[in-house]
Amino acid sequence: MRELAIPATLPLQPVSTPWLIEAGCELAILRLDQLDLQVSGNKLFKLQPYIERMQQQGLRGLISLGGAHSNHLHAMAAAAQRMGITAVGLVRGPAVDSQTMADVQRWGMQLHWLSREAYRARREAHFVEDWQRRHPDLQWVPEGGDGALGQQGAQAIWQVLHASLPALGWVSCDAVVCPVGTGTTWQGVARLASCPVWGMSAVPKHYLPPTLRADPCLILACRRGFAQSDTALAAFAAEFFAQTGVVLEPVYTAKALLALRYQLADGKFARGSRLVMLHTGGLQGIRATADWPVSAEVAA
0 MRELAIPATL
10 PLQPVSTPWL
20 IEAGCELAIL
30 RLDQLDLQVS
40 GNKLFKLQPY
50 IERMQQQGLR
60 GLISLGGAHS
70 NHLHAMAAAA
80 QRMGITAVGL
90 VRGPAVDSQT
100 MADVQRWGMQ
110 LHWLSREAYR
120 ARREAHFVED
130 WQRRHPDLQW
140 VPEGGDGALG
150 QQGAQAIWQV
160 LHASLPALGW
170 VSCDAVVCPV
180 GTGTTWQGVA
190 RLASCPVWGM
200 SAVPKHYLPP
210 TLRADPCLIL
220 ACRRGFAQSD
230 TALAAFAAEF
240 FAQTGVVLEP
250 VYTAKALLAL
260 RYQLADGKFA
270 RGSRLVMLHT
280 GGLQGIRATA
290 DWPVSAEVAA
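For the sequence shown, numbering that gives the first Met the number 0 assigns the number 0 to the initial residue and increments by one for each residue that follows.
Just to be clear, a hint being listed does not mean it is correct.
As the list claims (entries may be wrong) - Restraint ranges, calculated between C-beta atoms of paired labels, are given here:
1) Arg115 <-> Cys194: 36 to 42 Å
2) Glu128 <-> Ile20: 50 to 56 Å
3) His125 <-> Ser171: 44 to 50 Å
4) Arg122 <-> Gly168: 40 to 46 Å
5) Arg223 <-> Glu128: 33 to 39 Å
6) Gly57 <-> Pro195: 17 to 23 Å
7) Gly23 <-> His205: 31 to 37 Å
8) Glu128 <-> Thr243: 42 to 48 Å
9) Gly83 <-> Arg122: 28 to 34 Å
10) Asp129 <-> Gly271: 53 to 59 Å
11) Asp173 <-> Arg59: 41 to 47 Å
Just so you know, these hints were derived from the structure itself, not from any lab.
By construction, the Cβ of each residue, glycine as well, lies at the ideal position given by its N, Cα and C atoms.
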């Protein structure tokens with residue numbers, strides 16, 4: 000069985016834009032997206048504890064759920080294929096022929112398409128119990144790699160970030176900016192971080208549990224809604240790519256960074272602040288947005 004390793008450090012890329020210069024702040028991007036072309040960004044960090052639990056219990060694979068363009072299922076299928084283990088995906092229907100689903104099936108993931116109504120029951124206890132009865136030899140992984148184990152895995156992102164700072168000549172940073180979907184990565188990093196970790200939510204506030212909605216470090220960044228792009232967002236991503244060479248995707252990272260730009264313009268951060276944004280990957284999802292101005296390699 001091939002193991003998937005988390006490195007001790009990753010590239011921490013300093014970027015400069017007119018709006019950063021105007022705000023008098025420094026920004027570096029932790030390139031989690033460069034960890035792997037397929038098991039990209041924060042995904043391996045969240046999956047790792049579930050893989051370890053699977054191995055400890057002598058199970059033969061993983062079962063999880065997501066949408067037809069899910070970064071999480073995409074990464075899990077790639078990881079399972081490399082490790083030679085079984086992967087089962089429960090996918091929110093109706094069934095579509097997305098490039099993401101084509102990839103995961105090519106890598107051997109078994110798919111079960113669920114109706115919207117059936118998928119809405121995913122947070123009810125009977126949902127998990129039913130699927131665990133059907134697949135007792137598989138480790139259950141919550142949607143997006145959420146849960147206590149997912150947060151535990153995400154804590155390692157702070158360790159990688161901190162170990163990567165010296166290469167930039169920084170001893171510390173004043174704040175971390177993290178895109179938020181389930182909130183797993185945000186909360187995991189915040190548990191270890193020695194500075195504030197701002198969660199830029201790509202989902203409307205009511206999607207999040209009450210504890211996260213009330214967190215003072217939560218900033219809404221969802222714009223028109225989850226996974227909804229717009230011309231201003233696309234123009235921002237194109238401009239940022241031209242200035243820095245960093246590709247942003249429309250669901251999480253572009254929205255998080257644009258929200259940071261607005262916060263800087265409002266004086267949220269003091270001049271001289273050193274900020275780090277987590278590039279949580281998910282570039283494969285660009286393929287679901289036909290008019291997105293930048294593309295990224297997604298190795299098959």
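Checked hints:
Range check, arginine 115 to cysteine 194: about 40 Å between beta-carbon atoms, so the 36 to 42 Å window is met. Between glutamate 128 and isoleucine 20 the Cβ separation comes to about 55 Å, which falls inside the hinted range of 50 to 56 Å. A hinted range of 44 to 50 Å holds for the C-beta pair histidine 125 and serine 171, which are about 47 Å apart. Checking the proposed 40 to 46 Å range against arginine 122 and glycine 168 shows it holds: the Cβ atoms sit about 45 Å from each other.
Judged by the Cβ atoms, the range 33 to 39 Å given for arginine 223 and glutamate 128 holds: they are separated by roughly 36 Å. Against the hinted window of 17 to 23 Å, the Cβ-Cβ separation of glycine 57 and proline 195 comes to about 41 Å, which falls outside the hint. A hinted range of 31 to 37 Å holds for the C-beta pair glycine 23 and histidine 205, which are about 35 Å apart. Under the hint 42 to 48 Å, the C-beta atoms of glutamate 128 and threonine 243, about 47 Å apart, fit the expected range.
Between glycine 83 and arginine 122 the Cβ separation comes to about 31 Å, which falls inside the hinted range of 28 to 34 Å. Under the hint 53 to 59 Å, the C-beta atoms of aspartate 129 and glycine 271, about 54 Å apart, fit the expected range. Distance hint check: the CB atoms of aspartate 173 and arginine 59 are about 45 Å apart, consistent with the given range 41 to 47 Å.
Of the numbered hints listed earlier, the single one contradicted by the structure is hint 6.
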